[in-house]
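Chemist: Each protein sequence line maps, in turn, to chains A and B. Note that numbering that gives the first Met the number 0 has the first sequence beginning at 0, numbered continuously upward. Note that numbering that gives the first Met the number 0 has the second sequence beginning at 0, numbered continuously upward.
Hints in this document: simulated from the structure, not taken from any laboratory. Check each hint, because a few of them may be wrong.
Since the list gives no way to pick one copy over another, a pair counts as held whenever it fits inside one copy or between any two copies.
[Unchecked claim] In silico SDA-like pairs for lysine to any residue, Cα to Cα no more than 25 Å straight-line:
(1) Lys68 / Ala278
(2) Lys351 / Arg86
(3) Lys180 / Glu146
(4) Lys13 / Ser248
(5) Lys351 / Gly208
(6) Lys351 / Thr174
(7) Lys287 / Ile367
(8) Lys263 / Ala214
(9) Lys13 / Gln288
(10) Lys364 / Gly296
(11) Lys351 / Glu213
(12) Lys68 / Asn310
(13) Lys287 / Arg12
(14) Lys263 / Thr330
(15) Lys13 / Pro307
(16) Lys51 / Ala344
(17) Lys13 / Glu41
(18) Lys263 / Thr251
(19) Lys351 / Gln210
(20) Lys364 / Gly260
(21) Lys287 / Asn266
(22) Lys287 / Ala138
(23) Lys26 / Gln288
(24) Lys180 / Arg117
(25) Lys263 / Lys364
(26) Lys287 / Leu140
(27) Lys26 / Arg12
(28) Lys68 / His276
(29) Lys13 / Asp253
(30) Lys13 / Trp324
Quick caveat, the model's predicted, so the values are computed rather than measured.
Number of protein chains: 2
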Amino acid sequence: MSMPYLTPSIRLRKTPFSNRVDRAGAKAYTVYNHMLLASYYETPEEDYRHLKSAVQVWDVAVERQVEVKGPDALRLVQMTTPRDMSRMQDDQCCYIPMVDVAGKMMNDPVAVRLSQDRYWLSLADSDMLLYCKGLAAGAGLDVEVFEPDVSPLAIQGPKADELVSRVFGEDIVSTRFFRHKTINFQGQDMIIARSGWSHQGGFELYLDGSQYGEAVWDALFEAGRDLDVRAGCPNLIERIEAGLLSFGSDITMDHTPFEAGLGKYCNLDRAVGFLGHAALSALTEPSKQIRALEVDGSAVPAINHPWPLHNASGDPAGYISSSTWSPDFNTNVTIAMVNREQWDAGTVLTAKVPGGDRTATVREKFWI
Amino acid sequence: MSMPYLTPSIRLRKTPFSNRVDRAGAKAYTVYNHMLLASYYETPEEDYRHLKSAVQVWDVAVERQVEVKGPDALRLVQMTTPRDMSRMQDDQCCYIPMVDVAGKMMNDPVAVRLSQDRYWLSLADSDMLLYCKGLAAGAGLDVEVFEPDVSPLAIQGPKADELVSRVFGEDIVSTRFFRHKTINFQGQDMIIARSGWSHQGGFELYLDGSQYGEAVWDALFEAGRDLDVRAGCPNLIERIEAGLLSFGSDITMDHTPFEAGLGKYCNLDRAVGFLGHAALSALTEPSKQIRALEVDGSAVPAINHPWPLHNASGDPAGYISSSTWSPDFNTNVTIAMVNREQWDAGTVLTAKVPGGDRTATVREKFWI
Numbered sequence: 000m001s002m003p004y005l006t007p008s009i010r011l012r013k014t015p016f017s018n019r020v021d022r023a024g025a026k027a028y029t030v031y032n033h034m035l036l037a038s039y040y041e042t043p044e045e046d047y048r049h050l051k052s053a054v055q056v057w058d059v060a061v062e063r064q065v066e067v068k069g070p071d072a073l074r075l076v077q078m079t080t081p082r083d084m085s086r087m088q089d090d091q092c093c094y095i096p097m098v099d100v101a102g103k104m105m106n107d108p109v110a111v112r113l114s115q116d117r118y119w120l121s122l123a124d125s126d127m128l129l130y131c132k133g134l135a136a137g138a139g140l141d142v143e144v145f146e147p148d149v150s151p152l153a154i155q156g157p158k159a160d161e162l163v164s165r166v167f168g169e170d171i172v173s174t175r176f177f178r179h180k181t182i183n184f185q186g187q188d189m190i191i192a193r194s195g196w197s198h199q200g201g202f203e204l205y206l207d208g209s210q211y212g213e214a215v216w217d218a219l220f221e222a223g224r225d226l227d228v229r230a231g232c233p234n235l236i237e238r239i240e241a242g243l244l245s246f247g248s249d250i251t252m253d254h255t256p257f258e259a260g261l262g263k264y265c266n267l268d269r270a271v272g273f274l275g276h277a278a279l280s281a282l283t284e285p286s287k288q289i290r291a292l293e294v295d296g297s298a299v300p301a302i303n304h305p306w307p308l309h310n311a312s313g314d315p316a317g318y319i320s321s322s323t324w325s326p327d328f329n330t331n332v333t334i335a336m337v338n339r340e341q342w343d344a345g346t347v348l349t350a351k352v353p354g355g356d357r358t359a360t361v362r363e364k365f366w367i
Numbered sequence: 000m001s002m003p004y005l006t007p008s009i010r011l012r013k014t015p016f017s018n019r020v021d022r023a024g025a026k027a028y029t030v031y032n033h034m035l036l037a038s039y040y041e042t043p044e045e046d047y048r049h050l051k052s053a054v055q056v057w058d059v060a061v062e063r064q065v066e067v068k069g070p071d072a073l074r075l076v077q078m079t080t081p082r083d084m085s086r087m088q089d090d091q092c093c094y095i096p097m098v099d100v101a102g103k104m105m106n107d108p109v110a111v112r113l114s115q116d117r118y119w120l121s122l123a124d125s126d127m128l129l130y131c132k133g134l135a136a137g138a139g140l141d142v143e144v145f146e147p148d149v150s151p152l153a154i155q156g157p158k159a160d161e162l163v164s165r166v167f168g169e170d171i172v173s174t175r176f177f178r179h180k181t182i183n184f185q186g187q188d189m190i191i192a193r194s195g196w197s198h199q200g201g202f203e204l205y206l207d208g209s210q211y212g213e214a215v216w217d218a219l220f221e222a223g224r225d226l227d228v229r230a231g232c233p234n235l236i237e238r239i240e241a242g243l244l245s246f247g248s249d250i251t252m253d254h255t256p257f258e259a260g261l262g263k264y265c266n267l268d269r270a271v272g273f274l275g276h277a278a279l280s281a282l283t284e285p286s287k288q289i290r291a292l293e294v295d296g297s298a299v300p301a302i303n304h305p306w307p308l309h310n311a312s313g314d315p316a317g318y319i320s321s322s323t324w325s326p327d328f329n330t331n332v333t334i335a336m337v338n339r340e341q342w343d344a345g346t347v348l349t350a351k352v353p354g355g356d357r358t359a360t361v362r363e364k365f366w367i
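Could you build all of it, start to finish, from the sequences and the hints given here?
Modeler: The following block contains the structure:
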């Protein structure tokens, strides 16, 4: 079952950019938030080379937005996260673990503050719209919760600044990391943030109105021809090298933010009103945690189920959740959930990889 | 983009039966509740012929369960649905529209009552676990909400009674429609209901413990060899003929249950505590509604976006959401959302099908 076919259905939603993605030659897809997401165009390796050297336009409309708007907007968002939301500024984006009353992860979106009373949650792969609706209804909050017609388009790579400058104006280049500015496209205001799911730098445009999708896409490709702009998508190799965690793969609803290595985003002393406060306060010392793990030998196969890790005595030590061959580091780069006893850098483990056991070594940090 | 590849990922969860499904030769998949669901084995047409004449075993673990358990369990479930839950019996299953405070659909599961204080919601494709968690947290309900390790396996087709009788005992055949009984498999109690997402009759076993998955599968195939038992899955042709609606395709979060044709499941006078009561009470007269619609001409292509419907004057009349050629009815069978002015049986419309306009006729009922 290495590369099965995906049956078309209108339940698997298209995006405002889908026709362009198809025309650009997406070769395979995944499904994310009930929507189609390309997984590569040329090959994962060729896409990776290009991402690291030029600029790509990514249809990441799958990062669906939950808009939370009204007098209780801040209160609702703070109920869902241990990150302190109280000092966020109106042009700010914050990566937030969203955590339930038991202290377990439900999503890890970027929260975008539009005003004190208005937020977008730019989601990973779970229907947090429903959690927010349930919470608002249950607690009787004075807030609207809905999915706006907003679809992120990422511009990523070392030439992203140049491309964005040409299309949206030089002023945009001064945007700081995880801050946003407003641009105007064909009369429509939209925000653009310096952010994105790669380590190569770039922006995410929050397309405000599906009807502008193809025009924005075309403007970027027209202006970027001499920059070798290409269609791209989140790249498996690059994101593992950079330690960008995938909710649903590396982090699941069974994990606490501390297990996910997101302790630095937990301000338990200041996140007043966070519903998981009591539970999470008792879980700050995890017994397992995300680690970068290097796996020896030739390129590992594609991963579609967790690969167990064992210690020298043959006892369970955790599992690998994301894995691929890295051309630049000439090794298998993986993300693993490793037990406390084995998580120190330099610990050597055995990975149960299809095709045979491999030696695996816990690293201090991710690769880039 | 008719049949793209689906990239493997551990985020797309496997089921307790996935290895058997793969071995049985599933040719294409979809993604449903973050899990893999086969979409056909031989061809959709061959699967359909076989489903109508023999018996199939379907991996429908994608119908993830939300378990709601505790003193406020009934209260929570009733908050989410306009269907009266108060008279449900302990061996009963109920198809329930789940509706938000604005009167819009969020899911249409089968609710399974295990006891007065314990329910499973056997979900369509949205994370209602999160809505229920949010509601419980927001309203401070005395209830546990979680996803149990329960994975439905459907046995469908005219020979389903015979097969189930052989494997789980003759007593199971006396189970009434949408009622459940308890069986014991290798020492583990599990419930089995007379239900399933086809019109051919059969059962859904709620596999209670992933570790029993392959053994149950194998027992069914061993016992059913002379019945020509085969692996199957919800069949597009058969489910459209039978008018089985697909949440996310035919029904979306933009629709009320009345638009979805689910008015008979709305007991607004008796569903005390349903949070959408006020909103839905004002929406009982929809301006559009689900209809069976026959489309003339040769077999239509696969549908991956809504096909617009126009009336004789060229004005919008709605859209087609599900569509396929029916060998048994020798026509294109479709499900459409049709405007009130055009929804009477016999109304002739124009369907904007890729490849050219088609004549389409509203029917009184679905085909079977």
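Chemist: All hints are to be evaluated individually against the structure, with a verdict given for each.
Modeler: Structure-based check of each hint:
Proximity of Lys68 and Ala278 under a CA criterion of 25 Å is satisfied inter-copy only: 20 Å between copies versus 28 Å inside one chain copy. Taking the closest pair of Cα atoms, Lys351 and Arg86 never come within 25 Å of each other, the shortest separation being 45 Å inside a single copy and 52 Å across copies. Within a single copy, Lys180 and Glu146 get their C-alpha atoms as close as 21 Å, which meets the 25 Å cut-off; across copies the closest is 41 Å, which misses it. Taking the shortest Cα distances, Lys13 and Ser248 sit within 25 Å of each other both inside one copy (23 Å) and across copies (12 Å).
In this assembly of identical chains, Lys351 and Gly208 lie within 25 Å of each other by CA distance solely across copies; the values are 24 Å between and 47 Å within a copy. For the identical chains of this complex, Lys351 and Thr174 are neighbours neither inside a copy (45 Å) nor across copies (45 Å), given an alpha-carbon limit of 25 Å. In this assembly of identical chains, the alpha carbons of Lys287 and Ile367 lie at most 25 Å apart only when taken from the same copy (23 Å versus 54 Å across copies). Proximity of Lys263 and Ala214 under a CA criterion of 25 Å is satisfied in neither setting, with 40 Å inside one chain copy and 45 Å between copies.
For a Cα distance limit of 25 Å, the shortest separation of Lys13 from Gln288 across copies, 23 Å, qualifies, whereas the shortest one inside one copy, 36 Å, does not. Taking identical chains as interchangeable, the C-alpha atoms of Lys364 and Gly296 lie at most 25 Å apart only when both belong to the same chain, with a minimum of 20 Å there against 61 Å between chains. In this homomeric assembly, Lys351 and Glu213 come within 25 Å of each other (Cα to Cα) only across copies, at 22 Å, whereas the closest approach inside a single copy is 45 Å. Taking the shortest alpha-carbon separations for Lys68 and Asn310, neither the intra-copy value of 50 Å nor the inter-copy value of 39 Å comes in at or below 25 Å.
When the C-alpha separation of Lys287 and Arg12 is checked against a cutoff of 25 Å, the pair qualifies only between copies, where the shortest distance is 21 Å, while the shortest distance within a copy is 36 Å. Proximity of Lys263 and Thr330 under a CA criterion of 25 Å is satisfied in neither setting, with 29 Å inside one chain copy and 60 Å between copies. When the C-alpha separation of Lys13 and Pro307 is checked against a cutoff of 25 Å, the pair qualifies only between copies, where the shortest distance is 16 Å, while the shortest distance within a copy is 36 Å. Taking the shortest Cα distances, Lys51 and Ala344 never come within 25 Å of each other, neither inside one copy (27 Å) nor across copies (59 Å).
In the homo-oligomer, the alpha carbons of Lys13 and Glu41 lie at most 25 Å apart inside one protomer (21 Å), although the nearest pairing across protomers, at 27 Å, exceeds that limit. For a Cα distance limit of 25 Å, the shortest separation of Lys263 from Thr251 inside one copy, 18 Å, qualifies, whereas the shortest one across copies, 38 Å, does not. For the identical chains of this complex, Lys351 and Gln210 are inter-copy neighbours only, at 20 Å across copies versus 48 Å inside a copy, given an alpha-carbon limit of 25 Å. For a Cα distance limit of 25 Å, the shortest separation of Lys364 from Gly260 inside one copy, 12 Å, qualifies, whereas the shortest one across copies, 55 Å, does not.
Only within a single protomer do Lys287 and Asn266 lie at most 25 Å apart by alpha-carbon distance; the minimum there is 20 Å, versus 48 Å between protomers. Taking CA atoms no more than 25 Å apart as the test, Lys287 paired with Ala138 passes in neither setting, with 34 Å inside one copy and 33 Å between copies. In this assembly of identical chains, the alpha carbons of Lys26 and Gln288 never lie at most 25 Å apart, being 34 Å within a copy and 37 Å across copies at closest. In this homomeric assembly, Lys180 and Arg117 come within 25 Å of each other (Cα to Cα) only inside a single copy, at 16 Å, whereas the closest approach across copies is 50 Å.
In this assembly of identical chains, Lys263 and Lys364 lie within 25 Å of each other by CA distance solely inside one copy; the values are 15 Å within and 58 Å between copies. For the homomeric pair Lys287 and Leu140, neither the shortest alpha-carbon distance inside one copy (36 Å) nor that between copies (31 Å) is at most 25 Å. For the homomeric pair Lys26 and Arg12, the shortest alpha-carbon distances inside one copy (18 Å) and between copies (22 Å) are both at most 25 Å. Within a single copy, Lys68 and His276 get their C-alpha atoms as close as 24 Å, and across copies as close as 23 Å, so both meet the 25 Å cut-off.
In the homo-oligomer, the alpha carbons of Lys13 and Asp253 lie at most 25 Å apart only across protomers (16 Å), although the nearest pairing inside one protomer, at 30 Å, exceeds that limit. In the homo-oligomer, the alpha carbons of Lys13 and Trp324 lie at most 25 Å apart only across protomers (23 Å), although the nearest pairing inside one protomer, at 30 Å, exceeds that limit.
Of the numbered hints listed earlier, those contradicted by the structure are 2, 6, 8, 12, 14, 16, 22, 23 and 26.
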